[in-house]
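Colleague: Here the protein sequences line up with chains A and B, keeping their order.
For the first sequence, the residue numbers in this note's numbering are 275 to 761.
For the second sequence, the residue numbers in this note's numbering are 23 to 117.
There could be a bad hint or two in this list.
Computed cross-link-like contacts, DMTMM-like style, restricted to lysine to aspartate or glutamate with a CA-CA straight-line distance of at most 20 Å [stated by the list, open to error]:
no., chain 1, residue 1, chain 2, residue 2
1, A, Lys683, B, Glu97
2, A, Lys759, A, Glu300
3, B, Lys111, A, Asp607
Derived, one-sided and incomplete: chain B residues facing chain A with beta-carbon distance under 8 Å [as the list claims (entries may be wrong)]:
no., residue
4, Ile56
5, Leu66
6, Val89
7, Arg90
8, Leu93
9, Pro103
Simulated from the structure, these hints should not be mistaken for laboratory data.
For each residue, glycine too, the CB sits at the ideal point set by N, CA and C.
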Amino acid sequence: MGVRELRAAFEERSVSAEEICGAHLERMERLNPDINAFICITAEPALERARDLDRRHAAGETLGPLAGVPIAVKDNICTRGTHTTCGSKILANHVPIYDATVVRRILEAGAVIVGKTNLDEFAMGSSTENSAFGPTKNPWDLERVPGGSSGGSAAAVASEMVPAALGSDTGGSIRLPGSFCGVPALKPTYGSVSRYGLVAFASSLDQIGPFGKTVDDVALLLDTITGHDPCDSTSSPQPVQSSVKGLEESITGLRVGVPSEYFSSALDEEVERSVEEAVKLLESLGAVINRLSMPNTRFAIPTYYLVATAETSSNLARYDGVRYGVRAKENRDLRGMYRSTRSSGFGSEVKRRIMLGTYSLSSGYYDDYYLKAMKVRSLIRRDFDEAFRNVDVLVTPTAPTPAFRLGEKMARPLDMYMSDICTATINLAGVPAISVPCGWSRQRLPLGLQIISPHFQEPKLLRVARAYEKARCFRDEQGPLPLEKKG
Amino acid sequence: MKITLDEVRRIAALAHLDFSNKEYEELASQLSDILDYIEALKELDTSGVNPTSHQTESGEALREDEVRPSLSEAEVLANAPEHGGAHFKVPKVIG
Chain A
275 MGVRELRAAF
285 EERSVSAEEI
295 CGAHLERMER
305 LNPDINAFIC
315 ITAEPALERA
325 RDLDRRHAAG
335 ETLGPLAGVP
345 IAVKDNICTR
355 GTHTTCGSKI
365 LANHVPIYDA
375 TVVRRILEAG
385 AVIVGKTNLD
395 EFAMGSSTEN
405 SAFGPTKNPW
415 DLERVPGGSS
425 GGSAAAVASE
435 MVPAALGSDT
445 GGSIRLPGSF
455 CGVPALKPTY
465 GSVSRYGLVA
475 FASSLDQIGP
485 FGKTVDDVAL
495 LLDTITGHDP
505 CDSTSSPQPV
515 QSSVKGLEES
525 ITGLRVGVPS
535 EYFSSALDEE
545 VERSVEEAVK
555 LLESLGAVIN
565 RLSMPNTRFA
575 IPTYYLVATA
585 ETSSNLARYD
595 GVRYGVRAKE
605 NRDLRGMYRS
615 TRSSGFGSEV
625 KRRIMLGTYS
635 LSSGYYDDYY
645 LKAMKVRSLI
655 RRDFDEAFRN
665 VDVLVTPTAP
675 TPAFRLGEKM
685 ARPLDMYMSD
695 ICTATINLAG
705 VPAISVPCGW
715 SRQRLPLGLQ
725 IISPHFQEPK
735 LLRVARAYEK
745 ARCFRDEQGP
755 LPLEKKG
Chain B
23 MKITLDEVRR
33 IAALAHLDFS
43 NKEYEELASQ
53 LSDILDYIEA
63 LKELDTSGVN
73 PTSHQTESGE
83 ALREDEVRPS
93 LSEAEVLANA
103 PEHGGAHFKV
113 PKVIG
C-alpha cells in the first residue's frame, strides 16, 4: 500500500499504526539482508512512536497527513538521537543532537521513521557502492547497482519495505536511483526544501527530495517538507504552492520540449526507445511536442565535477577529529592527528574528490578551473531560461543506461561520473526534475523518464508526471520481485 | 593535463591527507585523466559571462539579530572524541 492508502486505513481504524509499523519492519527484516538498503533499522523507537500515535488517535486527536506512515530517511539527514553516518567510517559513531528540518516536518505530520538508508559515502557516487557499510543491491537484480547516491532509499521503496523515503540529490542522486529501481523520485527546486540538517557535500547543488511508489505520494511528501526555513539562508521565502492541489488536472495544450543533446550516441538504444514512446504518449494526452536544442549540455559533467569537488574540499575540511566523528589513534601532534584521522576515516572516492577540489581551488589554477566552471554554469542556466521561453516542461532520459553490474564502474572514476550525464545539468541550473518509470529493458530492469520544469513550478511538473504515470500504468506490469519468487 | 607526483603530494598536504606511495601514483594518473576530460571547457568562449556561484540572490536571507536559546554545553560536547571541562581536547600544539 502507498502513503495515502495507509493513512486512510489508519484513519478509519481498519489497522493500527503499530500494526502498519510491525508489518513493514517484518518485511525489512526479511528482505534487507539481501538488499542492504538500510544502515540502521530503528525498530523499537518506531514501534514506540506508532503506539503513541495510536493512543493519540484513540483520544480523538487530529493527526497529520502522514500519521502512522513508515518512512525511511537517507543517512546523511540528521535524526536526533539516531546515528547519522553518511555511509562513512569517519562518522560511524555520530549521533546528531538535532533533527534536520525535513525530519521535524515529517514527524510533525505524523510519520514513523523506521530506519536510515544506505548511500555512497557523503553522497558521492552513482551506485551506492562507495559505502563503508557495504553496497546496496538493486531489488530487480541483486547483481546490479541500485544507482546512487540515494540507492538505499530507492531500493527500500522499490522493494516495498517502506511506502516512501527521503533522499538527497547533488548531481542526480535521487533521480538516478529512482530510474534504476523503478520508482518516482523528485529533486525539488534549489531553495524550496530546507537543507538544515542535511550533511553538506556541495552546498550550491544539494537538495533533499522524496521517493514514493506513485507521483501523488511524491506530491504529498513534497507538500509536507517544502517551505521557508530561517535555519537555511538559501531557503526561499516565496509562498508555497501545493503540488497536491490540481495534480489530477489535464495536460492538454501543455508544451513539452525534447532537447536533442540528451539523445547522444552514448544513450542505450532501449532507453532511447522507451523515452520516445513516452513522448508519443504525452502527445496523445494532448501535449504539444517541441524538439529543441540546449547547446551547452555536453559541458555539464566537467562543470559539475569542478563545482562539486571545490565545494567538497571546503565542506569536508570540518572532519578533523576535534568536534565529532572518529579520531585516529595515532596522533603525536595536532597536524598529525588531522592527517591520520582524515586519511583513515574517508574512503577513496571522497579523498579523490577532496584532492580534485583542493587542486582546482589552489593558487595558479583557480581562474582556469573553478572560475571557468562557474562561468560555464551561467551558460548552462541560460540554456534552461531560453528553453523555458518556448515550453512548459522538458523531457529527457534520466540515465543513459539501465542499472549496471556491481563493480563494473569502480575501477574508472570517469565512467562512473558519466552516469550523471542527463541529471547534473539540472542541479547546476537549480531547477526541479522528477524521474518516473517509463518501461523495462529486455533484462527486466526499470527505465526512467526525466521531466524538468522552471524554478518553483513543481505543481506543473508533478501534474505532467502524474498524467504520464496514469496513462503508462507501469506498476501494473511490475510483478513480484525476483527474490520473492524464489520462495 | 599531466599532474606530477610532487604536485599530488603538495595537494595532499594542503588537504590534510596522507596516501601510500602506490596510492599517490594512482591518484596522479586518475586526476590527470579527469583534468584531461575537464579541458573540454577551455574550447568554450566565456568572455563577458558572469560566474554563477550561488543559486539564490544574496541579501534576501538577512534578518534581525535576536537572542535565542542555543544548544547546551553537554549537547555540543556529546560527539567530541575527547573533551575536558567546557573544551574540546586536542593533541599538544606547542612543544
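Colleague: Now, for every hint given, state plainly whether the structure supports it.
Modeller: Status of each hint after checking the structure:
About 41 Å separates the Cα atoms of lysine 683 of chain A and glutamate 97 of chain B, which puts this hinted pair outside 20 Å; it is violated. As the CA atoms of lysine 759 of chain A and glutamate 300 of chain A are separated by approximately 18 Å, the hinted pair is consistent with the 20 Å bound. For the hint linking lysine 111 of chain B to aspartate 607 of chain A, the alpha-carbon distance of about 12 Å falls within 20 Å, and the restraint holds. A least Cβ separation of about 6 Å between isoleucine 56 of chain B and chain A falls short of the 8 Å threshold, and the interface hint therefore holds.
The beta carbon of leucine 66 of chain B is positioned within 8 Å of a beta carbon in chain A (closest approach about 6 Å), and the interface hint is therefore held. A least Cβ separation of about 15 Å between valine 89 of chain B and chain A goes past the 8 Å threshold, and the interface hint is therefore violated. Violation of the interface hint for arginine 90 of chain B is found here, the shortest Cβ-Cβ separation to chain A being roughly 10 Å, above the 8 Å cut-off. At a threshold of 8 Å, the smallest CB-CB gap from leucine 93 of chain B to chain A is about 6 Å, leaving the interface hint in force.
Annotation: interface hint on proline 103 of chain B holds; nearest CB of chain A at approximately 4 Å, less than 8 Å.
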